[in-house]
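Q: Chain residues, written in single-letter form:
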Amino acid sequence: MLSASQIVFERYFEPVFLPVSFKLRRGELLLVTGANGCGKTTLIRVLAGILHPTSGKIDCQAGGMAYVGHYLGIKDDLSVLENLRFIRDFLGTSSRGCKELIKHVGLTRVAEQQARTLSAGQRKRCALARLLVSESKLWLLDEPYSNLDQEGVELVDKMLNDHLESGGACVLATHGAHRPQWAGTQDYHLLSGATV
Amino acid sequence: MNAEAAGGSLSGAFFALLRRDLLLAFRRRTELLFPVIFLLVVVSLFPLGIGPGPQLLARIAPGVIWIAALLATVISLDALFRSDFEDGTLEQFVISGHPLTLIALAKIVAHWLVAGLPIVLLSPLLALWMNLPMESLGVMILTLALGTPILSLIGSIGVGLTISLKRGGQLLSLLVFPLYVPILIIATAAVMAASDSLPYTQFLGLLLAGLITSVTLAPFAAAAALKISLS
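Heads up: the sequence lines are chains A and B, in that order. When we follow my numbering, the leftmost residue of the first sequence carries the number 1, and every step to the right adds one. When we follow my numbering, the leftmost residue of the second sequence carries the number 1001, and every step to the right adds one.
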């Protein structure tokens, strides 16, 4: 579904991470771990197509991807429901009701509230609901567990399990405090490209 | 890629974004009103500063109204992509697979409806304050209706380029004002020609040509600029 061969990304003429190669198939999870500052976020952004790799090739046959990063892409002045409805109309996906998805991520009580009034964890849940709205086969998650309570962490694991079971794939970057349990997990330990 | 795979249409995305931006503008009414109030204040200060001589005011009216419109537009420009850039929405747009050009165009249209259209609608009032002859009022409104979209379109390129800079707003004005000069010259020439009962259609034609050119090209340039800013 997604393969990368020898991708390098340079910032100010210095590689951010050592060349990355992997092959991700349906139902597989690529777990990218590594120390702070080793380039996990940069790698995810390169895979997402926001940044262009300096060299190497990325081959994506997923047809589309959904991304949750550090900046969640939620509008403060819109309610949770309006945020998700916009994503749905923008992407043109409509198979599942937004209210049902909000219930799924546990935000029913605040669905009509403007996003600026939400806590960091609730905002994260709203961004996770966007994954479901997009109906993408490939998820790119950058530290999805940050800011979430125990219940939220379980929610991410459950969403991830459902997604992978239904034939999806996922690249998940985490600094490693919590790791999801999934049989088809590939570990990738990312090494910083900075010369010591 | 994503959107097409899911059956999303481009026009659906365009109108969804346009609707969202208008809703957001409505939610942030104070931000919306500030450029308009600025415009009214600037124009109303001129008669106080120069003296209320009707002849003199009528002579400088086109220039004053147009310069105030330029300043008001530049004030509102920075908001065009800023919040989407800062909260990560722009990244989501890139990943969505919809062309960034279309996204830029939707946002520019929303910007003009919020920042440009009020200037056009208020221009009769401004013209009255500045004692602009009634026979050239129609031409004044026409130049603003044709010219303010050009301001939004050209401005979008500058915003795209400066969005990732911390103090991009200051650079933005330096960047776009020179590009606004031809529009200012053509538009005021049209109104002055109308005041002097001279032919003015050639100026309107030039503005229309400018509008068509910028509608066709500016969204592409803005999208390219945004891509540079994102990386």
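You may find that some hints are simply not true.
If you only want the chain B side, here are some residues facing chain A, beta carbon under 8 Å, derived [to be verified]: (1) Ala-1016; (2) Arg-1020; (3) Glu-1031; (4) Thr-1089; (5) Gln-1092; (6) Val-1094; (7) Pro-1099; (8) Leu-1165; (9) Gly-1169; (10) Gln-1170; (11) Leu-1174; (12) Asp-1196; (13) Pro-1199.
Reference listing, derived: stretches of chain A covered by chain B, where coverage requires no fewer than 3 residues with Cβ under 8 Å from a Cβ of chain B [claimed, not checked]: (14) 44-50; (15) 102-108.
To be clear, the hints were calculated from the coordinates, so they are not data collected in a lab. All figures in this text were calculated on a predicted structure; none of them were measured in a lab. Just so you know, even glycine gets a beta-carbon here, dropped at the ideal spot from N, CA and C.
Q: For every hint, state whether the structure bears it out.
A: Quick rundown of the hints versus the structure:
Checking Ala-1016(B) against chain A: minimum C-beta separation of about 4 Å stays under 8 Å; hint holds. With 8 Å as the threshold, the beta carbon of Arg-1020(B) comes within range of chain A, its nearest partner Cβ sitting at about 5 Å, so the hint holds. Taken as an interface hint, Glu-1031(B) does not check out: its beta carbon lies about 10 Å from the nearest beta carbon of chain A, beyond 8 Å. The closest approach between the C-beta of Thr-1089(B) and any C-beta of chain A is roughly 4 Å, which is under the 8 Å cut-off, so the hint is satisfied.
Given hint, Gln-1092(B) at the interface with chain A, holds; its Cβ is 4 Å from that chain's nearest Cβ, closer than 8 Å. At about 5 Å, the closest approach between the beta carbon of Val-1094(B) and any beta carbon in chain A falls short of 8 Å, and the interface hint on this residue holds. Because the smallest distance between the Cβ of Pro-1099(B) and any Cβ of chain A comes to about 13 Å, over 8 Å, the interface hint for this residue is violated. At its closest, the beta carbon of Leu-1165(B) sits 17 Å from a beta carbon of chain A; the interface hint therefore is violated under the 8 Å criterion.
A hinted interface residue such as Gly-1169(B) counts as satisfied when its beta carbon comes closer than 8 Å to some beta carbon of chain A; here the least separation is about 20 Å, so the hint is violated. Using the Cβ-Cβ criterion of 8 Å, the hint placing Gln-1170(B) at the interface with chain A is not satisfied: the shortest such distance is roughly 24 Å. Annotation: interface hint on Leu-1174(B) violated; nearest CB of chain A at approximately 26 Å, more than 8 Å. For the restraint placing Asp-1196(B) at the interface with chain A, the shortest Cβ-Cβ distance is roughly 48 Å, beyond the 8 Å limit, so the hint is violated.
Annotation: Pro-1199(B) was flagged as interfacial toward chain A, and the flag is violated, the nearest CB pair being 47 Å apart, outside 8 Å. With 4 residues having a Cβ less than 8 Å from any Cβ of chain B, the stretch 44-50 of chain A passes the three-residue criterion, so the hint holds. Counting residues of the stretch 102-108 of chain A whose CB falls under 8 Å from any CB of chain B gives 0; the rule of at least 3 is not met.
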